[in-house]
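Reassemble the complex: the two chains are provided individually, in unrelated frames, and hints are given to aid placement.
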Amino acid sequence: MGIRINVTSVFVDEQAKALAFYTERLGFLPKTDVPVGEFRWLTAVGPDEPDGTELLLEPDQHPAARAYKAALVADGIPAASFAVDDAAAAHAELTAKGVRFTQEPTVMGPVVTAILDDTCGNLIQLASPA
Amino acid sequence: MGDVYQALADPTRRLILDELTERDGQSLFELCSRLVMRHGVTSSRQAISQHLAVLEDAGLVSSRRFGRTKLHHLHTEPLREIAERWPAEPKE
Numbered sequence: 011m012g013i014r015i016n017v018t019s020v021f022v023d024e025q026a027k028a029l030a031f032y033t034e035r036l037g038f039l040p041k042t043d044v045p046v047g048e049f050r051w052l053t054a055v056g057p058d059e060p061d062g063t064e065l066l067l068e069p070d071q072h073p074a075a076r077a078y079k080a081a082l083v084a085d086g087i088p089a090a091s092f093a094v095d096d097a098a099a100a101h102a103e104l105t106a107k108g109v110r111f112t113q114e115p116t117v118m119g120p121v122v123t124a125i126l127d128d129t130c131g132n133l134i135q136l137a138s139p140a
Numbered sequence: 101m102g103d104v105y106q107a108l109a110d111p112t113r114r115l116i117l118d119e120l121t122e123r124d125g126q127s128l129f130e131l132c133s134r135l136v137m138r139h140g141v142t143s144s145r146q147a148i149s150q151h152l153a154v155l156e157d158a159g160l161v162s163s164r165r166f167g168r169t170k171l172h173h174l175h176t177e178p179l180r181e182i183a184e185r186w187p188a189e190p191k192e
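From first to last, the protein sequence lines are chains A and B. Per the numbering used here, the very first residue in the first sequence carries number 11; after that it's consecutive. Per the numbering used here, the very first residue in the second sequence carries number 101; after that it's consecutive.
Only chain B is shown next, with the shape it has when bound in the complex (with noise of 0.2 Å):
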């Protein structure tokens, strides 16, 4: 399992899974147009490919089949160690 604050500190990562909150589920060619066309990031398919491979590695992302065409699915379990281990309310 990759690092979580690893996966998190890279502002492209951060914005594949602000798209992947919007909609569940994206192909490659979604998240890439979705980068370039909102966000003016125009890294590489192959770039953002290896981004997913980081994320997916982290355990934030997954990627399932649909037919023929594989979708990346967001996991915000990872994340729950976050506000596990530093609560925003002090704990009792």
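Isolated chain A, as found in the complex (with noise of 0.2 Å):
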């Protein structure tokens, strides 16, 4: 069957906002930005897998969307997880860039895993080896 991952999403309030964040802010590419009726198919990649797995920057426009997002966001849980070199440095840069982390850079046994926010109703987690 050959079945494989190729797109995954998170749930923004703003699509232009969210590719802003995460391509000026996180460093992925812009990949796929097709209109589709008022919303777009907006897609982004890491920078070193341009062919890899596409982050759907998703509206947030059901309503049980927003709802959910609130509560994860409430109890600190990520809504998405990414692998960074060293979660350390990348929370000193984002830092220093301005972004707000919720969780700074903690040892959970085999990972070392740091939270932020996307500003678009979601948290983040960055995790490297510990």
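Hint data in this document are derived by calculation from the structure and do not stem from the laboratory. Where a beta carbon is used, it is the ideal one built from N, C-alpha and C, also for glycine. Honestly, I wouldn't trust all of these hints.
To be verified - Not the full set, but computed from the structure, chain A residues with beta-carbon under 8 Å of chain B:
{"#": "1", "residue": "V83"}
{"#": "2", "residue": "A84"}
{"#": "3", "residue": "R110"}
{"#": "4", "residue": "G119"}
Unchecked claim - Here are a few chain B residues that sit away from chain A, every Cβ distance over 10 Å (derived from the structure):
{"#": "5", "residue": "L115"}
{"#": "6", "residue": "L117"}
{"#": "7", "residue": "S127"}
{"#": "8", "residue": "V154"}
{"#": "9", "residue": "G159"}
{"#": "10", "residue": "S162"}
{"#": "11", "residue": "G167"}
{"#": "12", "residue": "T169"}
{"#": "13", "residue": "R180"}
{"#": "14", "residue": "W186"}
{"#": "15", "residue": "P187"}
Pasting the structure below:
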């Protein structure tokens, strides 16, 4: 069957703002940008994996999506987790750029994790090997 | 105000206080992650949330919003009563 993951998504409150944050702050590259009705099929990829899994910046238009996001954020639960080379270095770099973290780099068993606010209604976890 | 001694009687609640001592101001997610990864505490998120409510009721923990995330903070003031009531050095 050859099934594989080509797209995963985060629900964002504004697509343009999300694209700016994910590319300018986090360093993803824009991939696909196609108008779909009043929204866009808008994806980004990791800079080292231009043909890798795409992150879909999906509008959180459904009321349940917003309630779901708010509940996760309240308890500090990330909507997605991304790999970085060094979570502590990424935290320092992003903090200098004005990105807000709800969890500073912390050793959690085999990984170091840190959690940031994507300004679009989600928390995002960064993880690197401990 | 809940009973501070009852709040301290549970080992998981004491671990929560240990982790907040290491870093004050943690979300429920961070506390649950620390408890499972560092202490093998596999209690549900719901159970940890209830433990936090007991600690909060005893005045040992408070929560406040950081953005839209609820962070938990440690308060050791209620523990002073213990040292004052039963001093390590006998009273003169």
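**Earlier hints that do not hold, by number** = 7, 11 and 12
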